[in-house]
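Going down the list, the sequences are from chains A and B.
Using the numbering used here, read the first sequence as starting at 257 and increasing by one per residue.
Using the numbering used here, read the second sequence as starting at 6 and increasing by one per residue.
Simulated from the structure, these hints should not be mistaken for laboratory data.
For each residue, glycine too, the CB sits at the ideal point set by N, CA and C.
Heads up, a few of these hints could be off.
[Stated by the list, open to error] Quick look at which bits of chain A chain B covers, simulated, 3 or more residues with Cβ under 8 angstroms:
#, region
1, 389 to 395
2, 594 to 604
[Claimed, not checked] Straight-line alpha carbon distances no greater than 27 angstroms define the calculated DSSO-like cross-link-like pairs of lysine-lysine that follow:
#, chain 1, residue 1, chain 2, residue 2
3, B, K325, B, K220
4, B, K173, A, K606
5, B, K325, A, K597
6, B, K173, A, K534
7, B, K325, B, K173
8, B, K220, A, K534
9, A, K534, A, K597
10, B, K220, B, K161
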Amino acid sequence: MTTYRPADVAELQEIVRAHEHVVVRGRGTKPALVPPADGAAVVETTALTGVLEYEPQEYTFTARAGTPVAEVQRMLAEHGQYLPFDPPFANAGATLGGTVAAGLSGPMRYRYGGVRDFILGVRFVDGEGHLVRGGGKVVKNAAGFDLPKLMVGSAGRLGVLVEVTFKVFPRPRAYASCCAPFATLDACLQTLFDVWRRPLDLEAVDLEPTERGMTLWARIGGLEQALPPRLERLRHLLGEANVEVWQGAEEEARWEEAREFRWAPEGWTLVKVPLTPKRIPAVEERLAAVENSRRYSVGGNVLWLATPASPASLDALLRELGLAGVVIRGAAEAPFIGSRKGLNFARRVKSALDPQARFPEV
Amino acid sequence: MSADALLAALAQLYPPDRLLLHRAQLLPYESDALTAFRARPLAVVLPERAEEVIETVRLCAREGVPFVARGSGTSLSGGSLPVEGGIVIAMNRLNRILRLDPDERIAVVEPGVVNLAVSQAAAPYGLYYAPDPSSQPICTIGGNVAFNSGGAHCLKYGMTSNHVLGLKAVLADGEVVELGGESLEHVGPDLVGLFVGHEGLFGVVLEVTLRLLPKVEAYRTVLAAYTSLEAAGNAVGMVVAAGLLPGAMEIMDRLAIEAAEAAVQAGYPRDAAAVLIVELEGEEPQVTAEFELLMEVIERSGAYEVRVAQTEDERVRIWKGRKGAFSAVGRLSPDYVVQDGVVPRARLGEALAEIERLSREYSLRVANVFHAGDGNLHPLILYDGREPGALERAEELAGEILEMCIRLGGSITGEHGVGMEKRRFLADMFSEADLETMRRIRRAMDPHELANRGKMFP
């Protein structure tokens with residue numbers, strides 16, 4: 257196994273063409289996505305870095321795929337902007353390309369959408385070594401197939417990302433959160449549905465299992481002067497009596513902990529499982545017998561599950577529940593587990609982009 | 006390919022009133038909203054169930070006959086133009102909303118459901134479907150999905166693809182696939198993301214799972230009049246620089262204002278060189294605070310008249326003028342071409358000056374209506390089709406505008422798609438290698454290029 261760190265696109269193209277099997281990694285924050293590489297060339301994107309274009313007024317930027325997310329966030333913050341899909345593992349060193357390839361978004365994705373909703377353009381090297389461009393650099397574009405979205409979650413199975421263009425937004429100037437404990441899951445879900453259907457511009461809604469039930473976290477953001485009445489209304493909706501209000505650095509730290517997965521014990525397998533809130537009761541029942549630490553994010557649209565159980569046993573568990581998952585950390589032979597939809601369609605796409613199967617199975 | 010064998014098989018599948026074969030029956034299907042193109046199909050079928058669509062596609066695949074799925078035929082890029090001698094699958098009768106779950110904020114619909122009907126069905130639950138192309142009272146979800154339609158709220162809310170969670174489709178070779186699901190999140194490559202905007206080249210969508218949003222609590226809609234188009238364009242930049250994220254920012258120029266006034270009496274200032282419509286939306290306290298900020302910006306921007314919608318009626322009236330502008334231009338000119346291109350927002354002023362110059366050079370009037378918030382231009386090129394060569398001149402001018410969009414770093418289409426109209430420009434925007442990759446993906450879904458043959462690719 258040889259590791260390469262190409263300094264430019266041409267070098268990367270040559271490496272891809274010269275090897276029968278190629279796996280891609282960024283800075284290793286989501287190691288389970290890079291399968292054990294017997295005899296495969298490992299391509300590290302960490303030398304393909306740097307922001308190429310940033311026009312704050314356009315709400316867009318273009319950067320090389322190996323650029324650390326945190327670097328981009330600092331640049332955007334200087335202009336009061338941010339990545340609204342709230343990329344996880346930014347503080348751990350995640351790259352833009354890795355975030356796209358893993359298809360991961362953080363809790364604040366609740367407000368405006370995930371990484372798929374903010375990616376505008378890509379350049380990638382496909383399995384034949386061709387450099388391919390898709391999408392564009394403007395916030396609205398309908399020309400050609402939407403290859404940027406296709407690359408979201410593709411985990412190095414369809415190509416090696418070399419450049420990405422994103423839409424960004426002005427960052428809310430202030431935040432506040434409410435945290436409401438519920439004795440039963442049912443009561444928590446009823447409140448979740450209520451909150452979810454109301455015209456509230458919430459930044460995030462997460463559910464955190466506790467020993468005594470389920471805690472609902474809701475975050476609002478916006479202009480400082482508008483926060484107090486909004487916070488008051490949210491508190492009222494959540495049932496007032498037991499609601500804690502969080503603001504300032506402590507509040508920020510709680511969300512950072514969620515997005516950086518500090519709650520997931522080191523060495524445990526970490527899996528992302530998309531679902532809908534109505535599936536939560538069945539999942540909770542099934543997980544009662546499994547040692548785990550977990551969090552439901554994006555209003556109950558994703559379960560983050562950390563467990564010492566093996567990915568193979570998780571695969572079976574998810575199949576039972578009719579859910580799909582992707583292993584982010586842990587010793588997985590293949591990161592995609594559970595019952596997936598559209599596999600034949602994915603294989604058709606793969607046959608077009610990587611006909612010789614240089615990259616791992618999709 | 007055997008047309009006779011196909012027609013015989015279709016006659017088994019459809020009763021005579023749902024298999025159109027006669028010239029007079031086929032005529033309405035010969036073109037879509039881009040009337041400059043016409044083609045006569047072999048037959049039009051009117052399926053009522055997904056199984057009939059699947060069977061039709063399989064028969065076409067077996068006999069090697071191309072087919073085009075068509076909704077309400079509102080495509081402005083010729084996307085639903087028939088293939089000469091092919092089959093048109095008219096999807097309008099697959100118009101059931103199969104499921105609407107307010108708790109999970111999703112609607113599962115058939116592709117022939119009209120865009121606005123989704124919001125109407127969701128309204129009793131306080132929800133709506135966000136993408137709002139100007140044709141939303143008639144265009145169908147299937148067409149929206151095929152062309153990744155936009156609307157006036159794309160900067161903040163995205164396009165159709167940002168609101169489709171899952172879909173079921175029959176690929177051109179007859180395989181039925183289910184992609185995505187009901188969750189906002191997914192694992193593996195974003196296949197739904199790839200499918201939306203396929204322009205009918207992969208197959209036919211049978212079922213779509215849409216994301217619904219809670220209805221907006223409060224709006225502040227401001228109409229500002231300027232003595233120059235440039236000043237209106239600059240005001241957009243100032244709004245953005247202030248850190249505001251309005252739901253919509255729209256500009257109309259003098260000619261578009263004149264047309265809108267003649268058609269719907271929206272009450273726009275008739276002497277303005279340009280009007281800017283800015284709409285803030287969100288929670289009441291937030292919108293109130295943003296409104297103060299916005300008014301400061303608008304005052305600094307040199308607007309000579311500012312109107313704020315005080316009631317929902319006034320707001321609706323402002324939007325009526327904007328949304329009716331396309332058809333209203335019909336009052337100013339016997340014929341017109343609607344163009345759709347995108348430029349970086351900061352270069353809007355430059356783009357508009359260039360359009361003005363081209364308008365003079367070609368001696369053709371151009372009305373400008375555009376989604377300023379996302380740099381999406383919609384020049385309406387006015388011409389008289391009775392004049393020999395006028396259409397060709399209008400198309401040439403439209404082409405120059407697209408080339409300018411590419412030159413300025415934008416796109417040849419923001420929301421209408423490539424379709425028939427913009428095929429030759431796709432090669433200006435993408436390299437041969439990029440296009441070859443897209444062709445390979447297309448052939449992976451449709452090896453014989455039967456689905457909407459002849460569209461999108463140069």
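Structure-based check of each hint:
Coverage of the region 389 to 395 of chain A by chain B holds [criterion: at least 3 residues with CB-CB distance below 8 angstroms; count 6]. Here the region 594 to 604 of chain A counts 7 residues with a CB under 8 angstroms from a CB of chain B, which clears the bar of 3, and the coverage holds. The suggested pairing of K325 (chain B) with K220 (chain B) holds, with an alpha-carbon distance near 19 angstroms, which does not exceed 27 angstroms. The straight-line distance between the Cα atoms of K173 (chain B) and K606 (chain A) is roughly 20 angstroms, inside the 27 angstroms bound, and the hint therefore holds.
Using a Cα cut-off of 27 angstroms, the hinted pair K325 (chain B) and K597 (chain A) is violated, with the two alpha carbons roughly 42 angstroms apart. In summary, the hint linking K173 (chain B) to K534 (chain A) is supported, as the alpha carbons are separated by about 22 angstroms, within the 27 angstroms threshold. Between K325 (chain B) and K173 (chain B) the CA atoms are separated by roughly 35 angstroms; this puts the pair beyond 27 angstroms, and the hint is violated. Between K220 (chain B) and K534 (chain A) the CA atoms are separated by roughly 22 angstroms; this keeps the pair inside 27 angstroms, and the hint holds.
Simply put, K534 (chain A) and K597 (chain A) have alpha-carbon atoms about 19 angstroms apart, close enough for the 27 angstroms limit, and the pair holds. Of the pairs offered as hints, the one joining K220 (chain B) and K161 (chain B) holds, with about 15 angstroms between alpha carbons and a cut-off of 27 angstroms not exceeded.
Hints 5, 7 from the list above are not met by this structure, while the remaining hints are.
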